[in-house]
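J.: Sequence:
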Amino acid sequence: MPLPEPFPELDELITSIGEAGHRVAAMDASEGGAGNLSVCLGWPVEVRRRFPNGEDFTLPQPAPNLAGRVVLVTGSGRRLRDIRQDPEANLAAVVMGEDGRTARLYTSPRRLFERVTSEFNSHLAVHDDQVGRSGTNFHAVVHAQPPHLTYLSHIAAYRDIRTLNEKLLRWQPETIVNLPEGVGVLPFILPGSPALMAANIEALREHRVVLWSKHGVMARSDVSITRAVDRVEYAETAAKYEHLDLTSGGKGEGLSRDELREVVEAFGVPTKLI
Numbered sequence: 007m008p009l010p011e012p013f014p015e016l017d018e019l020i021t022s023i024g025e026a027g028h029r030v031a032a033m034d035a036s037e038g039g040a041g042n043l044s045v046c047l048g049w050p051v052e053v054r055r056r057f058p059n060g061e062d063f064t065l066p067q068p069a070p071n072l073a074g075r076v077v078l079v080t081g082s083g084r085r086l087r088d089i090r091q092d093p094e095a096n097l098a099a100v101v102m103g104e105d106g107r108t109a110r111l112y113t114s115p116r117r118l119f120e121r122v123t124s125e126f127n128s129h130l131a132v133h134d135d136q137v138g139r140s141g142t143n144f145h146a147v148v149h150a151q152p153p154h155l156t157y158l159s160h161i162a163a164y165r166d167i168r169t170l171n172e173k174l175l176r177w178q179p180e181t182i183v184n185l186p187e188g189v190g191v192l193p194f195i196l197p198g199s200p201a202l203m204a205a206n207i208e209a210l211r212e213h214r215v216v217l218w219s220k221h222g223v224m225a226r227s228d229v230s231i232t233r234a235v236d237r238v239e240y241a242e243t244a245a246k247y248e249h250l251d252l253t254s255g256g257k258g259e260g261l262s263r264d265e266l267r268e269v270v271e272a273f274g275v276p277t278k279l280i
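Quick note, the sequence shown lines up with residues 7 to 280 if you use this note's numbering.
Simulated from the structure, these hints should not be mistaken for lab results. Any given hint could be a false lead.
Unchecked claim - With a Cα cut of at most 27 angstroms, we get these calculated DSSO-like pairs of lysine-lysine:
| hint | residue 1 | residue 2 |
| --- | --- | --- |
| 1 | K257 | K173 |
| 2 | K173 | K278 |
| 3 | K220 | K173 |
Working from the sequences, and respecting the hints, build out all of it.
T.: Right, dumping it as structure tokens:
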């Protein structure tokens with residue numbers, strides 16, 4: 007569903023991106039320059055007051071559904087925890103051409119990166135797919151590397167989507183309420199590759215958080231960038247409980263299927279997992 011008017015202004019959006027980066031770092035999900043964020047806006051935004059330097063920009067692939075839109079995105083190698091303190095140094099604005107094939111890149115004189123994130127192809131492709139499918143005027147994407155989820159993906163059994171979700175959903179009632187489709191799972195695919203981009207698009211059609219095995223996660227939201235981070239945090243907290251149970255000898259009961267059904271019925275959760 008599109009965001010209603012009045013739409014958030016650029017300063018509000020930049021503040022929320024800074025908060026999102028801070029929260030990702032606080033859950034130890036963005037060591038060093040790892041992780042990246044972007045938001046796609048479907049209403050007119052004047053970016054040049056904050057990002058005055060403009061240059062032609064080559065898109066990694068066409069994004070016809072994003073024609074005329076603005077994508078705010080993190081720079082390659084920048085620390086997500088630093089965005090809140092100095093957003094102009096760490097963010098760029100990509101203003102899409104009306105053909106969805108060309109763009110202008112706007113940055114600040116304080117820019118501390120040479121290019122936007124290396125995962126921009128996946129960000130752009132997910133935005134394009136979701137906008138095309140839903141018509142939303144706002145879409146946010148977060149790539150992070152939460153340690154417990156990433157660790158579990160190094161165990162073969164947890165790379166099975168059914169097993170992973172059975173293990174994660176059993177620890178807190180909030181998990182299935184906030185992740186009714188569960189967590190999607192991809193095998194290890196080379197970071198930044200066309201193969202990862204294609205698999206990620208498909209997985210995020212069915213899930214709002216997808217685990218990239220042996221790498222990290224990507225989450226999306228059509229409400230806010232912080233909502234996407236919330237979804238990463240719910241999934242990572244469940245993985246933390248699962249890790250605790252593994253290291254303590256598997257003694258935890260977890261929620262039974264009957265207890266999970268009670269939660270689903272009480273909260274009207276639209277899920278097919280229980």
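J.: It remains to establish, for every hint, whether it holds in the given structure.
T.: Hints versus structure:
no., hint, in the structure
1, K257 x K173, "13 angstroms, holds"
2, K173 x K278, "16 angstroms, holds"
3, K220 x K173, "18 angstroms, holds"
Figure legend: structure checked against the earlier numbered hints; every hint is met.
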